[in-house]
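K.L.:
If you read the sequences in order, they're chains E and S.
The first sequence begins at 1 in our numbering and counts up one residue at a time.
The second sequence begins at 1 in our numbering and counts up one residue at a time.
No wet-lab data here; the hints were simulated from the structure.
One or more hints might be untrue.
Derived CB-CB ranges, DEER-like [what the hints assert, rightly or not]: (1) S:LEU56 - E:LEU254: 26 to 36 Å; (2) E:ASP2 - S:PHE75: 51 to 61 Å; (3) E:ILE174 - S:ASN124: 57 to 67 Å; (4) S:GLU78 - E:PRO83: 20 to 30 Å; (5) E:ASP275 - S:PRO182: 16 to 26 Å; (6) E:ARG80 - S:PHE286: 53 to 63 Å; (7) S:GLN254 - E:LEU169: 50 to 60 Å; (8) E:PRO83 - S:HIS172: 15 to 25 Å; (9) S:VAL212 - E:ASP275: 46 to 56 Å.
In this text, all values refer to a predicted model and were calculated from it rather than measured experimentally.
Idealized CB from N, CA, C, for every residue including glycine.
What follows is the residue order along each chain.
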Amino acid sequence: MDYALHTLIVANFFIPVVLGYNLLFGRGKVFHFGAVGTWAAVAYAITITLVSTGSGFLALGAGLAMAIVASAVLAWLSFRLEPDGFGVMTIAVHLVVLAVILNWNSLTRGALGIPGVPQLSFMKSIEVFALVTTMVSLLWIGLFAWIQRGAFGRKIDALAEHEWHAKSLGISRIRVHFWAFILLGISTVASVFFQPQYLRILHPNDFQFPSFVFLMMIIVAGKPGSLWGGVLSTFLLVFLREGLRFVPLAPSVLGPVRLILFGLILFIAVYVRRDTLFPKQRSI
Amino acid sequence: MTQLLVNALIAGSLAALIAGGLALVYGVLGVFNLALGQMVLIGGYCTWWLYQVVHLPLAVSIIGGLCISAVVSWFCFEVFINPFYKRHRFLPLVTTIALSMILDGLILLFFKETPKAILPGVKNTFEVLGAHISPVQIILVLTTLCVMAVLAYVLHSTAFGRKVRAVVQHDHAAMSLGIRAPLLHRFLFIMSGVFAGLGGIYLGIDQNLTPVFAFPITIKAYAAIIAGGKGNIWGAIICAYLIALVEQLAVGVQWFGLFYIPAGYQQTVALVFIIFFLLFRPHGLFASRSRSA
Chain E
1 MDYALHTLIV
11 ANFFIPVVLG
21 YNLLFGRGKV
31 FHFGAVGTWA
41 AVAYAITITL
51 VSTGSGFLAL
61 GAGLAMAIVA
71 SAVLAWLSFR
81 LEPDGFGVMT
91 IAVHLVVLAV
101 ILNWNSLTRG
111 ALGIPGVPQL
121 SFMKSIEVFA
131 LVTTMVSLLW
141 IGLFAWIQRG
151 AFGRKIDALA
161 EHEWHAKSLG
171 ISRIRVHFWA
181 FILLGISTVA
191 SVFFQPQYLR
201 ILHPNDFQFP
211 SFVFLMMIIV
221 AGKPGSLWGG
231 VLSTFLLVFL
241 REGLRFVPLA
251 PSVLGPVRLI
261 LFGLILFIAV
271 YVRRDTLFPK
281 QRSI
Chain S
1 MTQLLVNALI
11 AGSLAALIAG
21 GLALVYGVLG
31 VFNLALGQMV
41 LIGGYCTWWL
51 YQVVHLPLAV
61 SIIGGLCISA
71 VVSWFCFEVF
81 INPFYKRHRF
91 LPLVTTIALS
101 MILDGLILLF
111 FKETPKAILP
121 GVKNTFEVLG
131 AHISPVQIIL
141 VLTTLCVMAV
151 LAYVLHSTAF
161 GRKVRAVVQH
171 DHAAMSLGIR
181 APLLHRFLFI
191 MSGVFAGLGG
201 IYLGIDQNLT
211 PVFAFPITIK
221 AYAAIIAGGK
231 GNIWGAIICA
241 YLIALVEQLA
251 VGVQWFGLFY
261 IPAGYQQTVA
271 LVFIIFFLLF
281 RPHGLFASRS
291 RSA
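Take these sequences, add in the hints, and give me the full structure.
P.N.:
In structure tokens:
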């Protein structure tokens, strides 16, 4: 039972960020490969504030401030660069964030991570974690279903399909993409606010490049832009990832096997979706 | 200061080898290969295996390592690039992320995490103008310069080089002149894999091979390509040396006479380099003009 709840909680941690990233990358086709960099910066802002002040509200505020600033800067950068250049730069930004986390020992404790993260007073059992994170996930699914079905969803679709034509209809790329970045940032806060409290530790290994690959795999496998596809693939892939812990293999073998397996899943997912992942622009 | 320049020359030669091949591929195909670092390591690890485990002579092991790199690159092109890049040039960006994970897993499975040196214990150095350098490092730098010279000759003084440059400038125009562009695409991708493998052998001889090197190598190569002007092979090579110099100066110089930047941030310099260039010179230092009708 505890294992099922644990898997549910881990999947719930992913849901908001998957939905946010699905909107930006899956639906908007914005080559943002630094989502885990923002995730890491927000997680450290929340955890450091929580550990040093013990206040959940202050931690939430710090996380939101970090998310909004980071997202606004990334959005601004995306307007200045070509898509592939932006993709490479966001990977660079992710690695810079990791380098700062690993080297600023006095603040982040470097490679050791931050142990003993305090829990909010009402978050004391696995059942409560499961309930609260499920509520957050449901809230986020509802919010994104509303956003994607509304005018904003249609605008981001139009921009992904043909930016010039969308502009001629009065759709501002800067405004739409800026808010998509901000939504991803806020989703990141919803994803990581409870995670260090649940694990009781914040570790930099959780924000390495394979974490981003896992996020991208969820989007591609679940059909880019599809809300329910993203939700379903989150649960399936988290279940698979957590279930692999029970495979009777030595850790030195299990780690590489997991990398190969997830690499193959990503490749197969891209192969299956090769015509829809980055569709060709329509022409007259 | 001389030592910093020598270190930059050694590190820059490694980066130039890798970035040179990659720039050629980017210029022709316009695709990003994010599994480049893993292809570098495969060349190094296979050479290590042939030399240290199979006990073949060093020269044979190096040739064997390069042949395996070529075969792996060819396989990667046929499976992870070719079916995708004509549909959309951004698709290989995602497929090569998958490839990088698969290769990472295979490297960890077969070679483990422990560092591997192709020539352990060959670190005798001597002093030149106050800088310490080993004979092996001199050979590596000279070999790189020779490879670059051969590449320059092939690209600029042979019929084959003219075909390559024609395809780089305009794929379809080159095809209309009877140049078999798809065959050249394949050949150049394999050549970039061989250059990457050579870089891995360089790395395995000069330092140690560990799986964690893969991603920083990829990003550093892209930093050189972006800073050099995408598709400009000589710009990429010059910027590879430039980035290596900036990396060495960043952590080796006492800034304003007050502080040193911690060595842990050395790799970050290449990343900041990318960010800086993309922001202020998105077309790079030596951007080449593309022809259009």
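K.L.:
With reference to the structure, classify each hint as holding or not holding.
P.N.:
Hint by hint, here is what the structure shows:
1. S:LEU56 - E:LEU254: 26 to 36 Å: 32 Å, holds
2. E:ASP2 - S:PHE75: 51 to 61 Å: The hint (51 to 61 Å, Cβ to Cβ) is violated, given that E:ASP2 and S:PHE75 are roughly 44 Å apart.
3. E:ILE174 - S:ASN124: 57 to 67 Å: At roughly 59 Å between Cβ atoms, S:ASN124 and E:ILE174 fall inside 57 to 67 Å, so the hint holds.
4. S:GLU78 - E:PRO83: 20 to 30 Å: 26 Å, holds
5. E:ASP275 - S:PRO182: 16 to 26 Å: 21 Å, holds
6. E:ARG80 - S:PHE286: 53 to 63 Å: Given a distance of about 20 Å, which is not inside 53 to 63 Å, the answer is violated.
7. S:GLN254 - E:LEU169: 50 to 60 Å: At 57 Å between Cβs, range holds.
8. E:PRO83 - S:HIS172: 15 to 25 Å: Since the Cβ atoms of E:PRO83 and S:HIS172 sit about 22 Å apart, the hinted range of 15 to 25 Å holds.
9. S:VAL212 - E:ASP275: 46 to 56 Å: 36 Å, violated
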